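Novice: Residue numbers (the numbering used here), protein chains in the order written: chain Y, 1 to 233; chain L, 1 to 252; chain H, 1 to 637.
Everything labelled a hint here was simulated from the structure, so no lab data went into it. A couple of the hints might just be wrong.
[As the list claims (entries may be wrong)] Simulated pairs of lysine to any residue, SDA-like, Cα-Cα distance not exceeding 20 Å: (1) L/K7 <-> Y/Y94; (2) H/K179 <-> L/A197; (3) H/K179 <-> L/S133; (4) H/K188 <-> H/G544; (5) H/K188 <-> L/P16; (6) L/K23 <-> Y/Y94; (7) H/K188 <-> L/S133.
[Stated by the list, open to error] Simulated restraints, written as ranges between beta carbons of each label pair: (8) H/N539 <-> L/S14: 53 to 59 Å; (9) L/Q194 <-> H/K464: 42 to 48 Å; (10) L/E196 <-> Y/H147: 58 to 64 Å; (11) L/Q194 <-> H/E339: 50 to 56 Å; (12) Y/L109 <-> L/E229: 25 to 31 Å; (13) H/A575 <-> L/S15: 54 to 60 Å.
As the structure is a computational prediction, the values presented were derived from the model and not from experiment. By construction, the Cβ of each residue, glycine as well, lies at the ideal position given by its N, Cα and C atoms.
Below, each chain spelled out in residue letters.
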Amino acid sequence: MRILRFLNSSIGAKVTMAVTGLALSGFVVGHLTGNLLVFSGREAMNDYAQWLKSLGGGLWIARGGLLAMFILHIATAIKLKRGHKQARPVGYAYQSTIQASQASRTMILSGLLVLGFVLMHLMHFTFRAIGDHGMPEEVLADGTHRHDVFGMLVAGFENDLYVAVYTASMIVLGSHLSHGLHSLFQSLGLRHEAYTPLIEKAASAVAWLLALGFLTIPWAVRLGFVSAEPLAQ
Amino acid sequence: MSNMRLKLHIWRQSSPNAQGGLKTYEVQANEHMSFLEMLDVLNEELVGKGEEPVAFEHDCREGICGTCNMVINGNPHGPQRGTTVCQLHMRAFKDGDEITIEPWRASAFPLIKDLVVDRSSFDSIIQAGGYVSVRTGSAPDANEIPIGKADADEAFDYATCIGCGACVAACKNASAMLFTGAKFSHLEKLPQGQVEADRRAVAMVDAMDEAGFGACTNQYECSAACPKEIPVEAIARLNRGYVRASSRGVSV
Amino acid sequence: MNLDANIPSGPIEKKWDQRRFDLKLVNPANKRKYRVLVVGTGLAGASAAATLSELGYQVDAFTFHDSPRRAHSIAAQGGINAAKNYQGDGDSVHRLFYDTVKGGDFRSREANVHRLAQVSVEIIDQCVAQGVPFAREYGGTLANRSFGGAQVSRTFYARGQTGQQLLIGAYSALSKQIKAGGVRMHNKKEMVDVVVVDGHAKGIITRCLRTGKLERHHGDAVVLATGGYGNVFFLSTNAMNCNVTAAHRAYRRGAAFANPCYTQIHPTCIPVSGDYQSKLTLMSESLRNDGRIWVPKKQGDTRAAADIPENERDYYLERKYPSFGNLSPRDIASRSAKEACDAGLGVGPGGLGVYLDFAASIERLGEQTIRERYGNLFQMYGKITGENPYKTPMRIYPAVHYTMGGLWVDYHLQSTIPGLFVAGEANFSDHGANRLGASALMQGLADGYFVLPYTVGDYLAGQKPGQTNDSHAAFAETENESRARLERLIGVQGERTVDSFHRELGKIMWDKCGMARNKQGLEQALQEIPALREEFWQNVRVPGSGEDFNQELEKAGRVADFLEFGELMCRDALAREESCGGHFREEHQTDEGEAKRDDEKFSHVTAWEYKGVDNAPVEHREPLVFENVKLAVRSYK
Ligand SMILES: Cc1cc2nc3c(=O)[nH]c(=O)nc-3n(C[C@H](O)[C@H](O)[C@H](O)COP(=O)(O)OP(=O)(O)OC[C@H]3O[C@@H](n4cnc5c(N)ncnc54)[C@H](O)[C@@H]3O)c2cc1C
Ligand code: HEM
Ligand code: HEM
Ligand code: SF4
Ligand code: F3S
Ligand code: FES
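Between the sequences and the hints, there should be enough to build the whole structure, so can you do that?
Specialist: Structure follows, in structure tokens:
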């Protein structure tokens with residue numbers, strides 16, 4: 001099968017990395033946008049979460065897609081890394097790099113750290129198995145209950161340990177994307193004399209802005225810019 | 001003429017399967033010597049002392065045949081950009097320097113002796129598709145197909161690859177994408193080569209993968225180490241060409 | 001010894017067509033039963049192997065390099081000639097033919113040269129179709145430049161890397177055939193002898209340079225395309241591993257060696273900088289299109305070039321040869337440089353250099369244009385000397401570059417051993433006593449793409465396929481001799497390195513058989529070389545064993561052959577009591593110091609027959625007949 005051979009080839013693997021990386025980046029951008037609603041207050045944030053939930057089947061499909069992207073991205077990354085080890089079983093005694101960026105040389109490490117972060121993050125906010133998450137439910141005026149995402153966030157980041165872990169993780173994510181976001185253009189064969197230098201600059205700017213954007217949340221809570229009124233039960 | 005005393009740490013390995021290691025030598029050189037002439041001096045001394053000289057390959061000594069190959073302080077072909085080791089002169093070093101010299105490291109380039117490796121895997125990539133299928137004597141008049149100067153010049157830039165393998169040696173993944181991309185792009189840039197571009201992309205990438213090179217993760221060390229400064233555009237072109245060919249269902 | 005050149009009769013323009021028609025053909029179905037061994041994968045060898053295989057013959061190709069792409073042809077810089085007349089400046093097959101015969105100082109065979117000029121046009125077509133990125137005009141057509149010895153622009157080029165691009169073209173054609181199963185490629189296999197069975201060449205013995213193993217290969221015909229022997233001088237512009245072994249071994253087996261003394265000294269090379277020097281670097285002749293050659297008028301002038309005013313400079317080529325000026329042929333330009341330096345006018349350390357100055361061109365055309373034309377050469381110069389040639393003029397000096405002599409071949413490129421064909425620089429055929437720039441690439445490709453495929457077929461048609469195999473006694477015998485020789489080399493275990501012998505031989509050759517030669521010097525050399533050879537076999541030290549990768553042993557084998565071959569060159573130079581082209585005998589010059597030919601006595605090819613190391617070889621002559629050009633004093637004034 002041509003498609004299998006394609007996926008199995010070294011270039012197919014790159015394209016897979018690029019496409020899944022792009023999809024994951026799309027999620028990250030969307031996720032950040034949603035999360036930034038925290039600055040608009042409890043109402044807005046929880047409305048958004050509720051809306052997401054209301055998508056029902058659609059949400060599950062999206063989650064399935066996201067999971068698939070993660071798995072493909074990670075599996076391909078590991079496959080590539082194994083290939084690289086085989087391609088150079090004996091390394092150099094004297095190591096030196098001419099110009100490759102630190103970020104580009106540590107993609108697998110930054111990627112695995114991001115993976116670790118995501119797992120931790122899911123335990124934290126999705127499964128609420130670790131850390132603090134405040135009161136789970138908000139009671140609305142009409143008497144119905146809904147998930148108090150806002151309160152959970154604030155509670156979560158009142159713990160210094162988590163602020164520190166998130167901060168470190170976002171720096172790692174920034175590094176991963178600072179290479180990944182322009183690397184994917186090259187992988188897809190999109191290179192242009194005039195635009196490529198711009199893309200490289202823009203990609204790294206976007207990557208660090210994303211990381212910074214995420215970071216505003218824990219730090220806003222930590223520094224007291226965002227706080228939650230205790231909820232009436 | 002300024003003389004210099006150097007300490008060299010050179011990889012010595014008597015045969016493909018023997019245990020190898022870095023060995024230290026001292027040598028007296030001067031700044032007008034080429035790096036290889038400095039090694040010649042060392043070798044004459046070694047032979048004089050009844051020791052085996054350091055095996056290293058070279059031929060044209062003017063940066064065009066692609067035979068010479070060694071990693072100097074971690075950099076393929078040494079510290080000077082756009083320069084093969086045979087063109088590197090001792091001006092680039094100073095008295096008292098310590099220099100570590102190692103062979104290209106890649107499983108697709110098995111080691112033969114000391115600094116000598118087998119690069120036949122590059123030949124197999126070219127054999128897979130690095131040509132235009134035209135029989136001798138069947139060509140139309142050379143001026144029949146005009147080719148714009150810009151295209152011809154760009155094709156030329158890619159065609160300057162000397163097949164040395166520094167790109168592989170420099171790449172942390174031991175990927176041969178720059179070499180393969182250069183050949184693909186050279187031919188793709190010319191009308192004569194476009195006809196077979198799809199088949200060529202698939203065949204050469206297959207051969208490259210089969211030979212055991214790593215994949216590219218866009219680190220661009222290859223181009224920085226390339227003595228002919230082949231741009232990484234070559235890799236993007238090959239990626240594009242390969243995706244295009246695969247999407248058309250081309251296989252070989 | 002039969003030196004019948006086998007030239008077709010009829011008018012010169014028709015000879016090749018007629019011959020092609022008369023040649024015997026092998027039935028297509030039978031072609032694959034024949035095996036041809038092609039030694040060497042430079043332009044001549046790679047093109048021959050690819051084309052023979054396309055025709056259906058089974059081909060085995062050999063190179064001592066680790067890949068066919070590394071043959072010395074890769075280093076050719078300036079360009080390749082062809083009588084396309086794309087510039088409309090009056091070029092034609094006949095003019096290229098004429099220029100080549102005249103450039104060779106009327107010491108080449110008319111019929112061969114004419115055929116060369118004829119097929120030159122097809123070469124360019126073939127190369128372009130393969131994807132060779134020749135330089136082009138903005139309108140998309142091919143560009144040309146001028147080269148020495150011609151007043152038309154007929155040189156096709158690919159920046160300063162023409163040889164590289166052409167070789168990659170031939171290498172790719174070869175690669176295609178390897179993949180298709182038509183060619184078995186043997187990298188890192190050095191031919192150490194030819195196997196002659198019943199008077200015909202039927203095989204070779206090779207040594208695998210990686211494992212040291214000696215191997216027998218048999219075939220129905222053998223092609224040698226093993227390049228030139230300039231490295232007999234130790235320092236030359238040739239790649240380090242170029243050698244005479246294949247040709248010399250064939251000579252020892254009975255192939256006549258023609259005109260060994262014809263060597264070309266190239267006028268524009270980077271001067272020697274010290275005694276550790278391992279090779280010399282050519283600065284392409286194409287530079288003479290835009291560079292002007294001069295020396296100071298005053299002896300021992302130590303001012304920087306820029307400080308020497310115009311009227312104190314001697315643009316000696318422009319002065320002596322006003323119509324060709326800086327584009328005078330190589331032998332003339334080289335000798336003039338030597339004269340200037342001998343007169344104490346040389347520049348740079350040691351006074352062995354003249355200026356090649358681009359200031360005027362840069363002013364006229366701009367640095368950008370010069371960069372486009374010669375960028376890589378300027379860069380190369382900068383890397384080697386540490387000077388910037390855009391700012392200060394280059395310093396250049398002549399160096400050994402090309403060898404016109406080679407194994408004697410007839411019109412079919414067949415040597416005096418039937419079944420042994422010789423192509424490219426390894427044969428003697430087309431350049432007479434001096435090769436014009438950009439004509440070696442042309443000849444290599446003409447031989448390989450367009451001549452051998454026909455003439456080898458003609459020979460094979462008369463042979464039963466697979467007549468001999470390597471169990472024939474001749475193979476065992478030849479292999480044993482090769483083994484004994486290698487063992488002897490290792491067995492000496494003396495005191496001196498191989499290179500020290502090579503350097504010493506090179507000095508003898510350069511001093512006594514170089515740019516200018518005389519009887520006394522040559523006679524001395526004929527004493528010194530055998531003595532040096534004697535010492536070599538008593539006192540050389542080759543470390544390691546013959547059973548693995550051993551570069552000292554490789555060199556030793558080659559130097560041992562040079563030590564025999566150098567003597568033959570001197571003998572030939574001594575026998576040729578005239579000056580012609582690259583062979584300048586001081587006794588034979590005009591009052592103005594120009595070469596003086598003696599057409600009465602020396603209008604012939606000298607072909608030497610081997611009679612044993614310690615015996616004088618026998619001299620044979622093939623008379624040269626000129627029916628289409630008039631013998632004239634070569635004038636470039
Ligand atoms: C620096 C330089 C620049 C030049 N520039 C030009 C130019 O601009 N234009 C021009 O027309 N000419 C030029 N020439 C001359 C031209 O390059 C050569 O004459 C020509 O390329 C020779 O080609 P070839 O195929 O005969 O031999 P080569 O290219 O020398 O190939 C010889 C082949 O034989 C193999 N071989 C040799 N001996 C053995 C053996 N014993 N066993 C196995 N294999 C063997 C080698 O491995 C190699 O593959 C230049 C030469 C030099 C040195
Ligand atoms: C400081 C930054 C971040 C904050 C405040 C944050 C917050 C949240 C919140 C509130 C949820 C929803 C929990 C729920 O409603 O069940 C969530 C889910 C999630 N987050 Fe984050 N997140 C951050 C960074 C990230 C990053 C960088 C990633 C990925 C690399 C990520 C990946 C996810 C995933 C995969 C989910 C699960 C989505 C789902 O349930 O469908 N988050 N995050
Ligand atoms: C939200 C999470 C992630 C995002 C947004 C993301 C994004 C990206 C992007 C855009 C690329 C560039 C692709 C290319 O060069 O073509 C990339 C590459 C890479 N990613 Fe991720 N990634 C994420 C998680 C991970 C994880 C969990 C791993 C774990 C192993 C990982 C490992 C890699 C590696 C090794 C590369 C380099 C591959 C290459 O450049 O070819 N990534 N990633
Ligand atoms: S791409 Fe550059 S580094 Fe790689 S083989 Fe070609 S010339 Fe050498
Ligand atoms: S260094 Fe290696 S990762 Fe790719 S861009 Fe060059 S092949
Ligand atoms: S020896 Fe030819 S490129 Fe270095």
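Novice: Indicate, hint by hint, whether the structure satisfies it.
Specialist: Hints, verified against the model:
Of the supplied pair hints, the one linking L/K7 and Y/Y94 holds, its CA atoms being roughly 15 Å apart against a limit of 20 Å. A threshold of 20 Å between alpha carbons decides the hint, and for H/K179 with L/A197 the separation of about 17 Å falls inside it, so the pair holds. In summary, the hint linking H/K179 to L/S133 is supported, as the alpha carbons are separated by about 12 Å, within the 20 Å threshold. Taking the CA atoms of H/K188 and H/G544, the gap is near 18 Å; set against the 20 Å cutoff, the hint holds.
Between H/K188 and L/P16 the alpha-carbon distance is near 16 Å, which keeps this suggested pair within the 20 Å criterion. For the given pair, L/K23 sits about 13 Å from Y/Y94 by alpha-carbon distance, which is consistent with the 20 Å threshold. Only pairs whose Cα atoms come within 20 Å are accepted, and H/K188 paired with L/S133 is rejected, the gap being roughly 27 Å. Under the hint 53 to 59 Å, the C-beta atoms of H/N539 and L/S14, about 26 Å apart, miss the expected range.
About 45 Å separates the C-beta atoms of L/Q194 and H/K464, a value consistent with the hinted range of 42 to 48 Å. For L/E196 and Y/H147, the hinted distance range of 58 to 64 Å is satisfied, since their beta carbons lie about 60 Å from each other. In this structure the supplied range 50 to 56 Å holds for L/Q194 paired with H/E339, their Cβ-Cβ distance being about 53 Å. Hint check: Y/L109 to L/E229, Cβ distance near 30 Å, so the stated range 25 to 31 Å holds.
Between H/A575 and L/S15 the C-beta distance comes to about 49 Å, which lies outside the given range of 54 to 60 Å.
Of the numbered hints listed earlier, those contradicted by the structure are 7, 8, 13.
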